[in-house]
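Given chain U, work out where chain B should sit, using these hints.
As they're listed, the protein sequences go chains U and B.
Each residue of the first sequence is one higher than the one before, starting from 4 at the first, in this note's numbering.
Each residue of the second sequence is one higher than the one before, starting from 695 at the first, in this note's numbering.
Be careful, since some hints might not be right.
Said to hold, decoys possible - The list that follows gives simulated cross-link-like pairs (lysine-lysine, DSBU-like), each with its CA atoms no further than 35 Å apart:
#1 U:Lys14 - B:Lys737
#2 U:Lys14 - B:Lys1041
#3 U:Lys50 - B:Lys1123
#4 B:Lys1184 - U:Lys45
By construction, these hints were calculated from the structure, which means they are not laboratory data.
All of these numbers come straight from a predicted model, not from anything done at the bench.
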Amino acid sequence: MQLSDLRESQKARVVRVGGNGALRRRILEMGIVRGTDVYVEKYAPLKDPMELIVKGYHISLRVEEAAQITVEDVR
Amino acid sequence: MPRKNNLTIALAGNPNSGKTTIFNNITGTRQKVGNWPGVTVEKKEGTIHKFGHELKIVDLPGTYSLTPFSIEEIVARDFVLETAPDLVIDIIDASNLERSLYLATQIRELDCKVLFALNMADLARERGIKIDVDKLSELLGLPVVFTVGNKNEGIETLLEKAVELAESDVHIPKTRKVQYSKDIEVSILAVEDLLRISIGEARLPYKFRWTAIKLLEDDQVVRDRIADLAGRSREELLREVENQREHLRRLFDDDPEIVMTDERYGFIAGLVKEAVTTSNRKRVDISRNIDLVLTDRFIGFPIFVFFIWAMFQLTFKLGVYPMAAIEWGVSLLSAGLDSILPESLFKAFLLDGVIAGVGSVIVFLPNILILFFCIAIFEDTGYMARAAFLMDKIMHLIGLHGKSFIPMLMGFGCNVPAIVASRTLESEKDRILTILITPFMSCSAKLPVYIVLAGSFFGAQAGSVIFGIYLMGIVLSIATGRLLRTTILKGADAPFVMELPPYRIPMLKSLLIHMWDRSKMFLKKMSGVILAGSVVVWSLSAFPLHPEYGRDYAAMKEEIQAEYSRRLEAAETEDQEGLLQEQTERLTEVERARQTEHAERSYMGRIGKTVAPIFAPIGIDWRGSVALLTGFAAKEIVVSTMGILYAVEEEASEALKTALQESDMTPLSALSMMVFVLLYVPCLATVAAIRRETGSVKWMLFDVAYTTAIAWLVSFLVYQGGRLSGFA
Chain U
4 MQLSDLRESQ
14 KARVVRVGGN
24 GALRRRILEM
34 GIVRGTDVYV
44 EKYAPLKDPM
54 ELIVKGYHIS
64 LRVEEAAQIT
74 VEDVR
Chain B
695 MPRKNNLTIA
705 LAGNPNSGKT
715 TIFNNITGTR
725 QKVGNWPGVT
735 VEKKEGTIHK
745 FGHELKIVDL
755 PGTYSLTPFS
765 IEEIVARDFV
775 LETAPDLVID
785 IIDASNLERS
795 LYLATQIREL
805 DCKVLFALNM
815 ADLARERGIK
825 IDVDKLSELL
835 GLPVVFTVGN
845 KNEGIETLLE
855 KAVELAESDV
865 HIPKTRKVQY
875 SKDIEVSILA
885 VEDLLRISIG
895 EARLPYKFRW
905 TAIKLLEDDQ
915 VVRDRIADLA
925 GRSREELLRE
935 VENQREHLRR
945 LFDDDPEIVM
955 TDERYGFIAG
965 LVKEAVTTSN
975 RKRVDISRNI
985 DLVLTDRFIG
995 FPIFVFFIWA
1005 MFQLTFKLGV
1015 YPMAAIEWGV
1025 SLLSAGLDSI
1035 LPESLFKAFL
1045 LDGVIAGVGS
1055 VIVFLPNILI
1065 LFFCIAIFED
1075 TGYMARAAFL
1085 MDKIMHLIGL
1095 HGKSFIPMLM
1105 GFGCNVPAIV
1115 ASRTLESEKD
1125 RILTILITPF
1135 MSCSAKLPVY
1145 IVLAGSFFGA
1155 QAGSVIFGIY
1165 LMGIVLSIAT
1175 GRLLRTTILK
1185 GADAPFVMEL
1195 PPYRIPMLKS
1205 LLIHMWDRSK
1215 MFLKKMSGVI
1225 LAGSVVVWSL
1235 SAFPLHPEYG
1245 RDYAAMKEEI
1255 QAEYSRRLEA
1265 AETEDQEGLL
1275 QEQTERLTEV
1285 ERARQTEHAE
1295 RSYMGRIGKT
1305 VAPIFAPIGI
1315 DWRGSVALLT
1325 GFAAKEIVVS
1335 TMGILYAVEE
1345 EASEALKTAL
1355 QESDMTPLSA
1365 LSMMVFVLLY
1375 VPCLATVAAI
1385 RRETGSVKWM
1395 LFDVAYTTAI
1405 AWLVSFLVYQ
1415 GGRLSGFA
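Pulled out of the complex, with its shape left as it was, chain U reads as follows (with noise of 0.2 Å):
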C-alpha cells in the first residue's frame, strides 16, 4: 500500500521510502524514515498535496512523492 493511496484521518507506518536523489534523502531527512507513523492530517482543497502528520509536527508532499513511499496498517 502505498502513503497517497491513504484518505484523511488514516493511519499507517512506514515501510520503505522509495524513489531516489535528493527527494528521497529530503523526505528521510524530514523523520519520514522506516518504522515512523504517519497520520493523514488532510488533502489540500484541490486533493493536492497533502498534510501528514508526521513525529509530531505537520508536513506537506504532494500526492506523486507520497506515492514513492510503501506504508502497512497499523493495529
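Same frame as chain U, now just chain B:
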C-alpha cells in the same frame, strides 16, 4: 589559554525553531543584513558587548539538515567548517524535538564547540511533552539551556554559558555521538585510515571521521575537495571509497547515505525515549483547529482570496495618504529650490533630473513598507506555508512551487518587491524562473498608460480592454514558465516537502525588523539606479539645450509681449486683468510649442526618430517610440512623455486624450502599444532587482532581450493581424 576578546558565535537551527526571534532579541537593532558571498541567501549578523567581550553573532540560514542540497545548507555548513566560529549555538525546537535533533546530530559530527538551546519548552509542555533537560544534556554530552525566545527568557543564561564554553578549552567529548552499526563503523575506519595515509592530518581541512562519513555518503562537495587534495593517490582513494560503498550497499540492500540517515533517526529515537515523557491526555490544539478552517475544502480558497485582496487594499488604499504627503514634500522642496536658485542648467538638472527622478521612487516607499509588513505577517503567523499548500496544485502545472505564487501576485503591485520576495523559494531554478515570469504581471505603474490609451480609443469598452491586457500578461507568464521549464531551466520542480509550522501570534518587533530590512534594501539599491537612470533620461531629453528651431520662438514671445503692452496701455483699468491673462495664455501656448519641438530635436527625439522604423510595423510612431524608450526609467513616465510630445499639460489627461484622438493613432495601434507596454522590458529598478536577485548579468540581459522580443512579436501579431482582419 589567553583570553580572546572577540568571539564569533553562530546560531544554527531549523526553520521555524524560533532562531530568528532569539537572534533579534540578542542583537536588537544592531544587526547588519547582507548576502553570503556569491549567493543570494540573506546573511544577518550583529555585534554586542557582553561580559567584557565583543560577541559577533551570525545567524546561519535555517535548515533541517547539513546535507549540501540547498544553498542554505551549503552556506551554513561552510561557515562552521571554514570560518570556524568559536561556538555554535544550535536552537532546538522542544515541541519538535526529534526532527530538531537530526540537525543537532549532524552538527555534533562536525566536531565543533556547540551549545544547545532548548527553545519553546513551554509550548511543548502545553502539548503534554515533558523534557528532562539534565538527561538530554547528559545524553548529548553537552550543555543544554532552556529558552523561551518570544518571551525573551533564558537568553542571558544562554549567552553567559556560551561565553563560558567558548573560552574554556574543554575537549568536546568524542563519545555521545551517533554510533552507526558495526559494518558501517568498519567502513568509516577503513576510509579514515586511507585518508591518514593519502592526505595526512596537516593537509586535511576537516576531521577524519567526519570526512570519512561524508565520503561514504557520497557528499559531492566533500568528494570534490578531497579529490583535489589527494593528488596522485586520488584514483586509489576514490576507488576504495566506492568499494566500501558497494560493500555496504550489498549488505543493507540500500544506499549507505539512506542507511545512515535511518540510523541517525534510530539514535535520536533512543535519546527521546530516555529524556522525554509524553502524557496521552488529549488537548485542544488551537493551531490545528485554525488550520481546519483556513485550508478547508470549501472556504479555504475564498479566505485566501480575501486575505490577498485585503493586502492589496491596505497597500494601495492606505498607501495613498503617506504617498500624497511625500509627493507634497517633494514638490515643496522642488518649489523651494525653484525660487531660491537662479535659472541655470544646474538648476534644471537638480529639479527635473535628480529631484523628479528620486521623487518618483520615494513615493513608492509607503506602498512597499505596507506590502512588506503584510508579507511579514503572512510569514510570521505561518500562513505563508498554507498559501503555498493551497496554490501548489495550480503552480505545479507551470512547473513551479506553490510558494512562487506570492511573488507573482505581488507583481501586480510593483515588480521590485515581488522579485525580492522570490527569495522565499529554496530552489535556485524555481527562483530564477519566478523572477523571469513575474514582470509579465502588469504592475500598477503601467495602469495609467492603459487608462489613457484605452480611455481615448475604446470608450465604454475601456474596462474590458484593460482586463484583457492583464489577462494576456497572465497567459504569457504561464506560457513563458512552461517554455523555460522545458528548455533552459529544465528539470523537475523542487519537491514539495514542506513543513506546515503551527500558527503563531507574530511579534511586532520581528515584523518591523522584517519589514525594514527589505525596504531598506529596496531604497538603498534602487535609489542609486533610479537616480542614475533619471539623470540619463533627463540629459537625453534636455540636450542639446538650444537646437535649431524651425520657428523663432523668442521673437514670437517678444511680439506677443510687445502687442500686449501696447494694448494694456490703451485699455481701461478693469480690462487689464483679462488682457494680462490672455497674454499669459498665449505665451504658454508658444512655450508649449517650443517644448514640443525641443523634444523632437533633443537627443531623445533623434533616437526616437532613428528607432521609429523598428516600431512602424507595430503601428507606433516616433512619439510613441520616444515615450516607450523613456518608459524604461519608470513606466509612469510613458504618459508624461506623451504629454510633452503631444504638447499638452502633463496633468490634464483629458487634453491628452483629445490630442491622441486627433493624431494618426487608431484603436488598433493604441491596442498594439498597450500590448507592448505590458510586455516589454521592465523598468530600470526591476532590471536592477533581477540582476541582484539572480546574481547574474546574464539572466538580466536574457530578461531584457526576451521581454522585448516577445513584446514586439505579440504587438506585431496584434497590429498586422488586426489590419488583415480589416480593423483600421
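Evaluated hints:
Between the alpha carbons of U:Lys14 and B:Lys737 the distance comes to roughly 41 Å, so the proposed pair goes past 35 Å and is violated. Pair hint U:Lys14 plus B:Lys1041 does not hold up; C-alpha atoms about 74 Å apart against a cutoff of 35 Å. At most 35 Å may separate the alpha-carbon atoms for a hinted pair to count; U:Lys50 and B:Lys1123 meet this at roughly 26 Å. For the given pair, B:Lys1184 sits about 31 Å from U:Lys45 by alpha-carbon distance, which is consistent with the 35 Å threshold.
Of the numbered hints given earlier, the model fails hints 1 and 2; all others are met.
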